[in-house]
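A.B. asks: Heads up, the sequence shown is in the numbering used here, so the first residue is 1 and it goes up one at a time.
Accuracy of the hints is not assured; some may be wrong.
To be verified - Simulated DEER-style distance windows between Cβ atoms:
(1) 60 / 107: 36 to 44 Å
(2) 139 / 225: 14 to 22 Å
(3) 250 / 62: 30 to 38 Å
(4) 23 / 80: 33 to 41 Å
Honestly, the hints are just simulated from the structure, not real lab data. Glycine included, each C-beta is placed from N, C-alpha and C at the ideal position.
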Amino acid sequence: MTSDTLLECFDAVGETIHLYEPPVETFPDTASPSLVILCTWVGGATPRRINKYLAQYQEIFPTSSLLLITTGVSDTAFRPLKWIRANLKPARDAIRRIVGRENVENTAKPNSRPRGILLHLFSHGGGNIASQLALSMKAGPDRGAIFFSNLRTIILDCCPGDDTFARMYAATRVSVPQTPVAQFLGNTVMYPALAVVNGFQHAGLARAVKDLRDVLNEPSTFGSMPRRLFIHSKEDIVIGWEDVQLHLEDAQNRGYSVGQVLFERGPHCGLVMEDPNRYWEAVKKFWAGEDVWDVNPDPSRATTKKQANLRSRL
Numbered sequence: 001m002t003s004d005t006l007l008e009c010f011d012a013v014g015e016t017i018h019l020y021e022p023p024v025e026t027f028p029d030t031a032s033p034s035l036v037i038l039c040t041w042v043g044g045a046t047p048r049r050i051n052k053y054l055a056q057y058q059e060i061f062p063t064s065s066l067l068l069i070t071t072g073v074s075d076t077a078f079r080p081l082k083w084i085r086a087n088l089k090p091a092r093d094a095i096r097r098i099v100g101r102e103n104v105e106n107t108a109k110p111n112s113r114p115r116g117i118l119l120h121l122f123s124h125g126g127g128n129i130a131s132q133l134a135l136s137m138k139a140g141p142d143r144g145a146i147f148f149s150n151l152r153t154i155i156l157d158c159c160p161g162d163d164t165f166a167r168m169y170a171a172t173r174v175s176v177p178q179t180p181v182a183q184f185l186g187n188t189v190m191y192p193a194l195a196v197v198n199g200f201q202h203a204g205l206a207r208a209v210k211d212l213r214d215v216l217n218e219p220s221t222f223g224s225m226p227r228r229l230f231i232h233s234k235e236d237i238v239i240g241w242e243d244v245q246l247h248l249e250d251a252q253n254r255g256y257s258v259g260q261v262l263f264e265r266g267p268h269c270g271l272v273m274e275d276p277n278r279y280w281e282a283v284k285k286f287w288a289g290e291d292v293w294d295v296n297p298d299p300s301r302a303t304t305k306k307q308a309n310l311r312s313r314l
């Protein structure tokens with residue numbers, strides 16, 4: 001495997017969709033998800049970076065299937081939703097097959113319960129694809145019942161922010177190689193192009209981040225059952241941590257069960273680099289049903305959930 005390819009155990013099942021399933025003889029761990037779905041970010045989501053998340057999920061949940069869905073700028077802003085949803089058919093098929101098979105097996109076991117689905121979405125690109133996947137599941141013969149009844153946890157990683165031009169520009173710069181020539185050419189072309197896109201969004205001619213913020217918290221998208229873990233950073237130049245905080249508070253006001261991890265220095269869609277153990281412990285604990293409210297890495301200055309809410313408003 002090279003840094004330009006995904007882990008070899010993943011099979012391409014669609015244009016932007018890859019799937020890993022553990023060996024048939026593997027005995028399922030009832031404490032692990034039956035399926036982990038990762039919806040990646042736009043700009044900088046290289047196979048090398050994605051592999052780090054895939055490998056870690058395989059380590060902590062070795063008996064879980066992993067479904068990877070990647071995305072691009074055109075999916076986020078311009079491609080028709082009908083096209084995006086059609087492109088997600090292999091993902092829907094995989095979800096129905098994997099989760100449906102496990103549900104059938106559980107019916108023969110007394111006192112058994114479905115292991116469930118963990119959905120991990122990154123930034124606006126991942127948020128857009130994840131929401132379209134959920135909404136498109138409703139078009140199936142079961143109207144999405146197998147998906148929504150098994151969706152237990154959603155991890156919102158660096159998401160959602162706002163649609164100001166400054167944030168959009170910062171987000172796009174992340175995807176440009178850091179060489180002088182690439183930066184010069186990228187800035188020369190990128191700045192006016194983004195100005196046009198931003199104008200379209202504010203005029204309602206292209207999908208905007210405001211629309212995504214609304215969709216992510218609408219109960220009609222993911223339902224009200226899944227717990228939501230927000231992981232964000234004060235140093236994220238693409239997604240303002242205050243914007244994530246406001247979205248989290250809106251989720252609380254809607255009655256959703258939420259948690260959060262607020263990093264100090266983690267870069268956009270690279271929060272794990274600041275403290276891998278803190279990052280993955282939060283994921284494992286939240287999936288296990290524990291409360292996660294980690295807004296300060298220093299245990300001696302840890303805050304309660306109520307104190308954290310108060311400080312977020314100061």
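A.B. asks: Are the hints correct? Go through all of them and say.
C.D. replies: We went through each hint and held it up to the structure:
Between residue 60 and residue 107 the C-beta distance comes to about 28 Å, which lies outside the given range of 36 to 44 Å. Between residue 139 and residue 225, the C-beta spacing of about 20 Å keeps the proposed range 14 to 22 Å intact. In this structure the supplied range 30 to 38 Å holds for residue 250 paired with residue 62, their Cβ-Cβ distance being about 36 Å. For residue 23 and residue 80, the Cβ-Cβ distance of about 39 Å falls inside the hinted range of 33 to 41 Å, so the restraint holds.
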